[in-house]
Amino acid sequence: MLKVDNLRASVEDKEILKGINLEVKPGEVHAIMGPNGSGKSTLAAVLAGRESYEITEGSVTFLRKDLLEMAPEERAREGLFLAFQYPVEIPGVSSTNFLKTAVNQIREHRGQEPLDAVSFLKLIKEKMKLVDIDQSLLSRSLNEGFSGGEKKRNEIFQMAVLEPKLAVLDETDSGLDIDALKIVAHGVNSLKNNENAVVVVTHYQRLLDYIIPDYVHVLYDGKIVKSGTKELALELEEKGYDWIKEEANITT
Amino acid sequence: MNTEQELRSYFQEKYSSLTSGLNGEQTADLSQLRHKALDSFNSLGFPQNKSEEYKYTPITKTLLKSLRTDDHQVMEPQTVPPFNEYLLPNLKGHLVVFWNGRLVYCTDDLPQGLSIEPIDPQGNSLAESGIGTIANYQKDAFTALNTALFNHGAFIKVAKRSVIEEPVVLYHLWDDRANYMQTRHLVTAEANSHSQVVEIYKCTSGTKNTFHNSVTEVTVGKNAHFSYHKVQTECGENIHVGNTHISQASDSTVKCTTITTEGRMVRNNLNLTVDGSNCESHMYGLYLLHGTNHVDNHTRVDHRLPHCYSNELYKGIINDRAAGVFNGKIFVRQDAQKTNAFQSNKNLLLSDHASMNTKPQLEIWADDVKCSHGATTGQLDEEQLFYLRARGLDKQQARSLLLYAFAQETLEQVTSPVLKDYLDQVIQARLIEDHG
Numbered sequence: 001m002l003k004v005d006n007l008r009a010s011v012e013d014k015e016i017l018k019g020i021n022l023e024v025k026p027g028e029v030h031a032i033m034g035p036n037g038s039g040k041s042t043l044a045a046v047l048a049g050r051e052s053y054e055i056t057e058g059s060v061t062f063l064r065k066d067l068l069e070m071a072p073e074e075r076a077r078e079g080l081f082l083a084f085q086y087p088v089e090i091p092g093v094s095s096t097n098f099l100k101t102a103v104n105q106i107r108e109h110r111g112q113e114p115l116d117a118v119s120f121l122k123l124i125k126e127k128m129k130l131v132d133i134d135q136s137l138l139s140r141s142l143n144e145g146f147s148g149g150e151k152k153r154n155e156i157f158q159m160a161v162l163e164p165k166l167a168v169l170d171e172t173d174s175g176l177d178i179d180a181l182k183i184v185a186h187g188v189n190s191l192k193n194n195e196n197a198v199v200v201v202t203h204y205q206r207l208l209d210y211i212i213p214d215y216v217h218v219l220y221d222g223k224i225v226k227s228g229t230k231e232l233a234l235e236l237e238e239k240g241y242d243w244i245k246e247e248a249n250i251t252t
Numbered sequence: 001m002n003t004e005q006e007l008r009s010y011f012q013e014k015y016s017s018l019t020s021g022l023n024g025e026q027t028a029d030l031s032q033l034r035h036k037a038l039d040s041f042n043s044l045g046f047p048q049n050k051s052e053e054y055k056y057t058p059i060t061k062t063l064l065k066s067l068r069t070d071d072h073q074v075m076e077p078q079t080v081p082p083f084n085e086y087l088l089p090n091l092k093g094h095l096v097v098f099w100n101g102r103l104v105y106c107t108d109d110l111p112q113g114l115s116i117e118p119i120d121p122q123g124n125s126l127a128e129s130g131i132g133t134i135a136n137y138q139k140d141a142f143t144a145l146n147t148a149l150f151n152h153g154a155f156i157k158v159a160k161r162s163v164i165e166e167p168v169v170l171y172h173l174w175d176d177r178a179n180y181m182q183t184r185h186l187v188t189a190e191a192n193s194h195s196q197v198v199e200i201y202k203c204t205s206g207t208k209n210t211f212h213n214s215v216t217e218v219t220v221g222k223n224a225h226f227s228y229h230k231v232q233t234e235c236g237e238n239i240h241v242g243n244t245h246i247s248q249a250s251d252s253t254v255k256c257t258t259i260t261t262e263g264r265m266v267r268n269n270l271n272l273t274v275d276g277s278n279c280e281s282h283m284y285g286l287y288l289l290h291g292t293n294h295v296d297n298h299t300r301v302d303h304r305l306p307h308c309y310s311n312e313l314y315k316g317i318i319n320d321r322a323a324g325v326f327n328g329k330i331f332v333r334q335d336a337q338k339t340n341a342f343q344s345n346k347n348l349l350l351s352d353h354a355s356m357n358t359k360p361q362l363e364i365w366a367d368d369v370k371c372s373h374g375a376t377t378g379q380l381d382e383e384q385l386f387y388l389r390a391r392g393l394d395k396q397q398a399r400s401l402l403l404y405a406f407a408q409e410t411l412e413q414v415t416s417p418v419l420k421d422y423l424d425q426v427i428q429a430r431l432i433e434d435h436g
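Protein sequence lines, in the order shown, are assigned to chains U and Y.
Here my numbering is used: the first sequence runs in plain steps of one and ends on residue 252.
Here my numbering is used: the second sequence runs in plain steps of one and ends on residue 436.
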């Protein structure tokens, strides 16, 4: 589904990703962990198409198409979804109208008829239950005045409505209390099937108790220095990142 | 014409022909008022290059270049052009229609408590109107010019304790035959009344330059609620100078919105004199400019007595080579303790050649007040654009959604739902036209 090959990216001449290799197949859950400043969020942003990064080398294919050639909106329409670490507040833009536009853009791209008001409402009602989000939030401006937890839940709610093929969750667990974490994880798990995939970018192992990964990768200094199964996450939780840094520094 | 002197002489001639045309039929009071106003106009003159008040709006230069002095081919007074097709469908209200500056329709179907009398050049209906008491012709050349030269207008009176549900709608329509128009309106909203006035400016056809110099004087009585909406959406190549002077008595509430999306050069002066305590004043403005539009909003709030609240928000979206100007003055006099006065001007510049000059001003003599003012000018937020695109909206959709949201804050202050819908459509159509 996703194949990242020797990806290098920099911002203002500072190289942040230094040759990333990653392959994600349908039905899989991958976790990307790593210390602060290792490039986790950059990787998520580059996949979603943020324009402030310059891709200097490498390639990314998504569903056999060249992802790096696509505008951010084309990536979204093809089925890529980024749950933002810091969802931006957009005063004056109604959450519901925005989401309806987004859904229908994606449907149009897939050759489907646009949803009418009634079916759209039915869809969002059904998905709201999934992340236990309150209707009153949706009648407000997008993310405006939402608490940190509400913003994160809104991201997962949007993901549920848009039904992406590949979801990249960028530190979705940060700022969540344990109850909110469970709700978010429950949302992600219920959407999971054999056709789609999830990449969870996280700092802590905590979220992985609820979203069980098939693979865990450790990102350090712009490279994936170690890959393993969910046991690797537990080891990291116990021992911290220092041993990874040491190992990595020895090999380079 | 090449000089300001020539421009002034041109209007002086117009004054002479107006007064001689009236054959002494005008009331003595009005004739005296016009004469004094002309004297003021002559001593004030059109704003010079160095005029602080017109620093960014070269109105005199524009008039010299563009005022058409060809024979005034306005229609015969008796002909009534088919104006119905230019009115906003569904906007219910008490209509008064002007065409090329002349009154062509004035409703006589009025609810109890509301009276609307046509103002004519003879000044027959002006005896008790208090014309000239609020709009000071000694300070502003255009108010002086209007006072000396106005021919038609409406005198609207809302009686004590009357609640008038539907707005009084003043339509100013024009075509290529008009070269200049001088309309004058007077509104008296008596104590404890509720009313609203809408002024709509609309070019019906043609591409020629026209000049409209308009004055509206409003007296708001004790505990009265008054709303005023000025709509300049289809103004073509119009050069507009509009002065709205409002005086507020104790416990009254005034709300003004000024929405401009077109015009060659537009200058709106909104002057509020808060001459009572416990008053509330709200001023909202939106200008959505493209091409070579030039729109200048000057507002002035004068707090003279204690315990008043005023709030002002003007927003601008400026594209292409258009220019916006904002100047907001708030005066808080020594007696106006416990005043709360807030002012904000926010602008988005969408092109490298668009410009905005903004100047918020506060002058405070009282020492126990809460006041703030601020102005921002910037571009669309890249983070917000990326967020929307990452959800599948293309660049144009994301831009126009954000621009619409930006405009919404002022638009939602328009009280009439029909008018709001109309403005909504105008703004959406413009965003689609300019941004995909």
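Calculated from the structure, these hints are not laboratory results.
Even glycine gets a Cβ: it sits at the ideal position worked out from N, Cα and C.
One or more of the hints may lead you astray.
[Claimed, not checked] Some, not all, of what chain U presents toward chain Y, calculated at C-beta under 7 Å:
(1) Ala76
(2) Arg77
(3) Leu82
(4) Gln85
(5) Ile90
(6) Gly92
(7) Thr96
(8) Ala102
(9) Leu121
(10) Leu123
[Claimed, not checked] Straight line, CA to CA, 30 Å or less: simulated DSBU-like cross-link-like pairs of lysine-lysine:
(11) U/Lys100 x Y/Lys208
(12) Y/Lys420 x U/Lys65
(13) U/Lys151 x Y/Lys395
(14) U/Lys151 x U/Lys25
(15) Y/Lys395 x U/Lys125
(16) Y/Lys92 x U/Lys165
Taking the hints in turn, this is what the structure says about them:
Look at U/Ala76: its Cβ gets to within about 4 Å of chain Y, closer than 7 Å, so that hint holds up. The criterion of a C-beta within 7 Å of any C-beta in chain Y is met by U/Arg77, whose closest approach is roughly 5 Å, and the hint holds. Taking 7 Å as the C-beta contact cut-off toward chain Y, the hint placing U/Leu82 at the interface holds, the least distance being around 5 Å. Residue-level restraint check for U/Gln85 is violated (minimum Cβ-Cβ distance to chain Y is 12 Å; threshold 7 Å).
Checking U/Ile90 against chain Y: minimum C-beta separation of about 5 Å stays under 7 Å; hint holds. Below 7 Å, beta-carbon pairs count as interface contacts, and U/Gly92 has one with chain Y at about 3 Å; its hint therefore holds. Hint on U/Thr96 is violated. Least Cβ distance to chain Y is approximately 13 Å, over the 7 Å limit. For the restraint placing U/Ala102 at the interface with chain Y, the shortest Cβ-Cβ distance is roughly 4 Å, inside the 7 Å limit, so the hint holds.
With its C-beta approaching chain Y no nearer than about 19 Å, U/Leu121 sits outside the 7 Å limit, and its interface hint is violated. Here the hint on U/Leu123 is broken, as its CB sits about 15 Å from the closest CB of chain Y, past 7 Å. Under the criterion of a C-alpha separation no larger than 30 Å, the hint pairing U/Lys100 with Y/Lys208 is inconsistent with the structure, at around 44 Å. A hinted pair counts as satisfied when its Cα atoms are at most 30 Å apart, and Y/Lys420 with U/Lys65 does not qualify at roughly 46 Å.
Between U/Lys151 and Y/Lys395, the direct Cα distance comes to roughly 23 Å. Compliance with the 30 Å bound is thereby established for this hinted pair. For the hint linking U/Lys151 to U/Lys25, the alpha-carbon distance of about 29 Å falls within 30 Å, and the restraint holds. A distance of roughly 28 Å separates the Cα atoms of Y/Lys395 and U/Lys125; the hinted pair therefore holds under the 30 Å criterion. For the suggested pair Y/Lys92 and U/Lys165, the alpha carbons sit about 52 Å apart, so the restraint of at most 30 Å is broken.
Checked against the numbered hints above, the structure violates hints 4, 7, 9, 10, 11, 12, 16; every other hint is satisfied.
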